[in-house]
Amino acid sequence: MGAEFVALSLPPILIGVLVAVACALPGNFLLLRRQALIGDAISHVVLPGIVVAFLVTGLIATGPMLLGAAAAAVIAVIAIEAVRRLGRIEAGAAMGVIFTAMFAGGVLLLEQSDTSSVHLDVEHALYGNLESLIWLDATGWASLLDPAALAGLPVELPRMALALVVIALFLWLFWRPLALSTFDEGFARGLGIRTAPLGLALVIMSAIAAVAAFDAVGSIIVIAMFICPPAAARMMTNRLGHQVAWSVVFAALAAVLGYVLAGYGPLWIGADASVSAAGMIATLSGIILGVAAVAGPHRTRNG
Amino acid sequence: MLADALLLQLGYNATLVTIGAALLGIASGVAGTFLFLRKRALVSDAISHATLPGVGLAFVVMVAMGGEGRSLFGLLLGAGLSAAFGLLCVQWLTDRTRLGEDAAIGAVLSVFFGFGIVILTVIQTMNAGRQAGLEGFLLGSTAGMLRSDAILLAVSAALVLALVVILRRPLGLAAFDPGYAEATGWSLPRIDLAMMGIVLVVTVVGLKVVGLILIVALLIVPPVTARSWTERSDHVVIIAGVVGGVSGYVGAASSATAPALPTGPIVVLVGFAIFLFSLLFSPRRGVLASLLTHLRYQRRVHVRQGLLALAQGQPIYEVLTRRLLERAGLVLPDGVPTPAGQAAASKALLDETRWAIVRGDQAYALAATRYDGLTPIEDVLTPDQLTEVDGKIDAPQVVA
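Residue numbers (our numbering), protein chains in the order written: chain P, 4 to 306; chain D, 30 to 429.
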């Protein structure tokens, strides 16, 4: 069990947990600011960004793809704001117009260009391939201390860890102004906090999480993790710090349990193949939210 | 080929599908208008994503019962049931917990979609190759549709459209004036239920055409587009229907020309192109129109301020002001006013002086609110009132 587990299951589980936590952290603030669906929009527009990056550079490399995805996310945020102001349309509808159009553009570009030789398709973009992120060099738990074997880790693991560190650092540094501007924007502005750039920075942090996670796990898990763990945590407490802590716990729980259920669950009931880990993790996060919504101590509006 | 498709020359099935898509587009444009005006546009995103587990489960059930699992009617029935459950979840989370509607939408759409993916992977392992049709529900695909499916699609699209037309009055009432609707005896929750029911049916029928990821665009883009052309409620509904119908028609027709071309993205992009054009060029609310209005206003302010400066004998240094005055023939290139310029300047000064008196007098409080530095006072006061105001202008006095 040991060697197989370290090589085949440990890296995907770790990546899953990192993704879940990296998305849940900014998700807390997005939720409280009633911008929960920004995560949804961002993770849809990542696809055209990556397709355009591929068409421009002609290769499937991490650098250009991440850049393309990040650029698409920023363009989407600007376009949503522009449509909202120029067209005098409410934010939700503006978002719906922009992200569907960009996603449609991405799909069409993908279908029209010759990408059959490379691993790039819509399904992959939607639900990723967590199961394929295996660590071939591992021979057992001892490999965790072996530099040569560690070099063979899937690149998504260190990349995701880096993204998580950046996001955590941002939240730690700007905790007070973020909390203030989230709960009472007028007061925060009165204190001299520049709330508009701060809000944009938060969206960019979310975009970093979405873009880094996208390649490994697809967009569906990203949307689920932006919203479900923070929403469940919201039912547990009235304190922001506690809420963030709960959301991290819920996110990690959903990732680990979801992966295990997807990988081993079918075996337990006698089937011979596994199911989509990304889908299972999203489902698990929904179940956690459901339980919290039914039994959480602070689930209603007045308490 | 594309021209053939647009002229419905690609055979009976393709024609049925194209007409069905156009009818569906009209229905979704109209239904979407009510949704948009109730500010609940994105609820449809949750509904559409929530159809996926239903499609998968319906397939599993149909196969378990010994069928082939491809019956479009069965799949859509499953989609409708799970979409209704998803809608209930959104409603419950919004009403009974502290979550906002946006969070409830996001949670439902991601969790249902994730669960749907799980079921799709289960189906993949059940019996390879047999689930080929289900992928088409993600992005829509109308190429190579069975005749019975095409008929089902066209008929149900026509039925939805009829339903929307029948219910347009209460829906419009609730969308534009919920208070009045309640006061005249309509039950708002029931109208909302009917609206959501229609949106649900539109979504389910549209699954095969536009796909569940993008169907939300068919409900949002037409009303948003229509809004920039008119301020009248009945017109918004009609224009939204037309925009939706054109998107559906063109999208389905061009998708029929190539099997690899998914319908959904084309439908959405056609709609988006119309939206973009409207946003930029619509006569009243368009960006171009606003820009022109702004420029015109800016020029009027410049001319007015320039004339006031002339009247008081002050030199004008501002470049734009000088150019505007010069072009209007009010000043000569060296800054000296022409006779016409002098007349206009005196008129402007008189106007300003009269305004100053009106604004200082309580009796004219209402008229004073019309002051914006540009409106000629003759537009606001009667000749009699003007004579009265003129009486209060101080006569020129000799400076001692």
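These are computed hints drawn from the structure, not numbers from a lab. The C-beta atom is built at its ideal place from N, Cα and C for all residues, glycine as well. Check the hints yourself; a few may be wrong.
Covered by chain P, according to a simulated footprint, are these stretches of chain D (three or more residues, beta-carbon under 8 Å) [as the list claims (entries may be wrong)]: (1) 140-147; (2) 365-373.
Label pairs and their calculated CB-CB ranges [said to hold, decoys possible]: (3) D:P218 to P:G155: 56 to 66 Å; (4) P:E126 to D:T213: 47 to 57 Å; (5) P:A204 to D:D423: 16 to 26 Å; (6) D:Y209 to P:I290: 24 to 34 Å; (7) P:A204 to D:T367: 53 to 63 Å; (8) P:L176 to D:R356: 29 to 39 Å.
Results of checking the hints against the structure:
Counting residues of the region 140-147 of chain D whose C-beta lies closer than 8 Å to any C-beta of chain P gives 8; at least three are required, and the coverage claim holds. Check on the region 365-373 of chain D: 0 of its residues sit with their Cβ under 8 Å from a Cβ of chain P, so the three-residue criterion for coverage is violated. At roughly 59 Å, the beta-carbon separation of P218 of chain D and G155 of chain P lies within the given 56 to 66 Å, and the hint holds. The hint said 47 to 57 Å for the Cβ distance between E126 of chain P and T213 of chain D, and at roughly 50 Å that hint holds.
Separation of A204 of chain P from D423 of chain D is about 59 Å and departs from the stated range, judged on CB atoms against 16 to 26 Å. At roughly 43 Å, the beta-carbon separation of Y209 of chain D and I290 of chain P lies outside the given 24 to 34 Å, and the hint is violated. A204 of chain P and T367 of chain D have their C-beta atoms about 57 Å apart, which keeps the hinted 53 to 63 Å range intact. Between L176 of chain P and R356 of chain D the CB atoms are about 56 Å apart, so this pair departs from the stated range of 29 to 39 Å.
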